[in-house]
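Colleague: Here is what each chain is made of, one letter per residue.
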Amino acid sequence: MVESLSLILRGLQTTVSLTIFSLTLALVVSFLAGLGRLSKNSAVRAAAIAYIEFFRGTSLFVQLFWAFYVLPFMGVELSPMQAAVLALGFNYGAYGAEVVRASINAIGRDQWEGCVALNLNYFQRLRHVIIPQAIVIMLPPFGNLAVTLLKSTAIASLIALPDLTYQAQLVRNQTGQTLLPFAIIMIIYFAISTFLKSGIQLAERRLGADRTQPARSA
Amino acid sequence: MTKPIIRIKNISKSFGAVRVLDGLSIDVMPKERLALIGPSGSGKTTILRILMTLERINDGHIEIDGEQLCHMERAGQLVPADEKHLANARQKIGMVFQHFNLFPHKSVIDNITLAPILTKGVAKPIAEKRAMELLDMVGLADKAKGMPVELSGGQKQRVAIARALALQPKVMLFDEVTSALDPELVEEVLSVLWQLSTETDMTMLLVTHEMGFAHDFAHRVLFFDRGKIVEEGKPGDIFRQPKHERTQAFLKKILAAGHRI
Amino acid sequence: MEWNWAFAFAILPRLLEGAKITIVATFLGFLIAIVIGLAIALGRRSQQAWIARSVGLCADFIRGTPLLVQLYVLFFVLPNIGIVLSPLTAGVIGLGLHNATYIAEVYRAGIESISRGQWEASKACNLSIGQTWRHIIIPQAIPPMVPALANYLIAMFKETPLLSAITVYEIMGEALGAASRTYQYLEPVTMVGGFFLIISLVCAYLARVLEERVRIYQ
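Residue numbers (the working numbering), protein chains in the order written: chain A, 3 to 220; chain B, 8 to 268; chain C, 524 to 741.
These aren't lab readings, by the way, just hints derived from the structure by calculation. Honestly, I wouldn't trust all of these hints.
Claimed, not checked - Across the chosen pairs, the derived CB separations fall in these ranges: (1) 77/A to 568/C: 52 to 60 Å; (2) 565/C to 191/B: 16 to 24 Å; (3) 652/C to 196/A: 48 to 56 Å; (4) 657/C to 119/A: 47 to 55 Å; (5) 22/B to 210/A: 21 to 29 Å; (6) 68/B to 636/C: 50 to 58 Å; (7) 570/C to 104/A: 15 to 23 Å; (8) 137/A to 724/C: 46 to 54 Å; (9) 631/C to 137/A: 54 to 62 Å; (10) 104/A to 657/C: 51 to 59 Å; (11) 210/A to 191/B: 36 to 44 Å.
Cβ atoms here follow ideal geometry from the backbone N, Cα and C, with glycine treated the same way.
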């Protein structure tokens, strides 16, 4: 029992690392591809669209197996962790890019025109005016994506990454118990997703409050 | 001596901590036309919504045509009405809303025939014949097959009036029926109301900010403020010689905003 | 590494067999999802507080844990209490149940998109609750739901490869089977990716057309 638990706890560590790494990669890729999708340069736009459609269209599962089993034949040898981070990061980056694009599009023309009137350059407009407002819109869908990503990390167990799910299978094979290991990891997954969700909600409240509260007088 | 068709006895209504109606009593006689005026939030719309059973009261009793509206008798005692009792009571009342609330997925004529067919079992051809008469009355016979989205606000509201009339209620409630309309569309709706007042002898309750129309239309005007009737009387008296200072202040503000009396 | 056309053609028939299973599993799962999703949506609206709360909690739990683990529970744990499901049955139930919790939200949003005025006008017209649902609410709530439901159908389609983890021989299962027999991963995994990409792109196009239709209708 104690041994089973310690196996599962080690799995938890792997799941958390995998989640954090892939979330980070996904976030970076989301902004790159999302802004690329809105670029005035048609080559950049086409590349972003191709990336988004490709990764949303081919199924995460296939991407993971491709990264792990096919890339080595092309001379790119990846550990299970590296393959999983790449597949998850790029897959969710494609979904995140659509969130970024939609949120930036949701900011009214008047804000862009205001920036032009103030003679801000493109980067300044995004950095100081558009993105700070778009972030508030992005948060809820990003939160949903983060929870979905966490759940998707379980498939990394299929390329032998010793995450929660893999370790639970290990316990099942070693002890013959089925309900207990799966029940434990389900509760752990549920706890992490609840934690992620409430974190996002907290951020929503913070940012939302900033926007609605009157500025403090000096 | 005729009995009142509506008896509102000492009703109160709160939304959370806010008391919108406070021990209110009104008697309305058959064929009477009543105008309810007052600042927004004074509780006048709430009265109509209570009569339509869209809101429940916290205290008091209401009788429509001699029968309890929000209560029913059970074992010699009055208990809150169940859905069946409410459905029965609703037959006597029709309501026209500020925002029309037409059913957008139904054609104009289907909007009107839906309830008679479903709730009264009227045969479709008969319901449609009656609906056409009503559409003719509100001047929209040519729009019968159209969809609500194709109509102007004034036309929508005229269809909504026809829809309410199709159920042949004894009492009609008009809740700020011109407030959501562009100014040039107000007249066509008011003229339908005017026509109703001259051609029928239905009991009507009108919540409005159109003081000029209220003056000509109503037999009696009630001025509301903060959930109570502050002043009531004949339109001529209320509009020309308001006694209460709150009535005076309200009418002054309305006039300053450009409304005619 | 070279693409081996002969091998690709050799495995094509098996992959197509698998593709059939993939499509069957998707549609059966979707059927379960829209039915159970409705039950969840109605349960959450129940007047009985305890029903609403327990249905809500169960749905949140299913939504907060990985589909893969749920499949393992259906496939490995249920036999302990005497319920033995075939791999495909377990897979379809898992897929359907998991997505039902999302589809319930689609129903909720659809119902809540109907303004209060419609309920009030129905009351003023003296329609019963049943008549109000049947003639007023549902006919208006369904058209805006259609694009969202179509998106979940596509998402479920891309999730079906997970079923290979409980030995369902859908397209990914067939591909991995062929790959492990020959140690040639490039062709089978790439072909599965191509299969998903083509169907996803076609579906995304159809969904866009559908969405426009719905918008015109409204």
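Colleague: A separate judgement is required for each hint: does it hold in the structure or not?
Modeller: Against the structure, the hints come out as follows:
1. 77/A to 568/C: 52 to 60 Å: 57 Å, holds
2. 565/C to 191/B: 16 to 24 Å: Violated - the Cβ-Cβ distance for residue 565/C and residue 191/B, about 46 Å, lies outside 16 to 24 Å.
3. 652/C to 196/A: 48 to 56 Å: 35 Å, violated
4. 657/C to 119/A: 47 to 55 Å: 54 Å, holds
5. 22/B to 210/A: 21 to 29 Å: 26 Å, holds
6. 68/B to 636/C: 50 to 58 Å: The hint (50 to 58 Å, Cβ to Cβ) is violated, given that residue 68/B and residue 636/C are roughly 37 Å apart.
7. 570/C to 104/A: 15 to 23 Å: 37 Å, violated
8. 137/A to 724/C: 46 to 54 Å: 31 Å, violated
9. 631/C to 137/A: 54 to 62 Å: 26 Å, violated
10. 104/A to 657/C: 51 to 59 Å: 35 Å, violated
11. 210/A to 191/B: 36 to 44 Å: 40 Å, holds
Consistency note: the structure conflicts with the earlier hints numbered 2, 3, 6, 7, 8, 9, 10.
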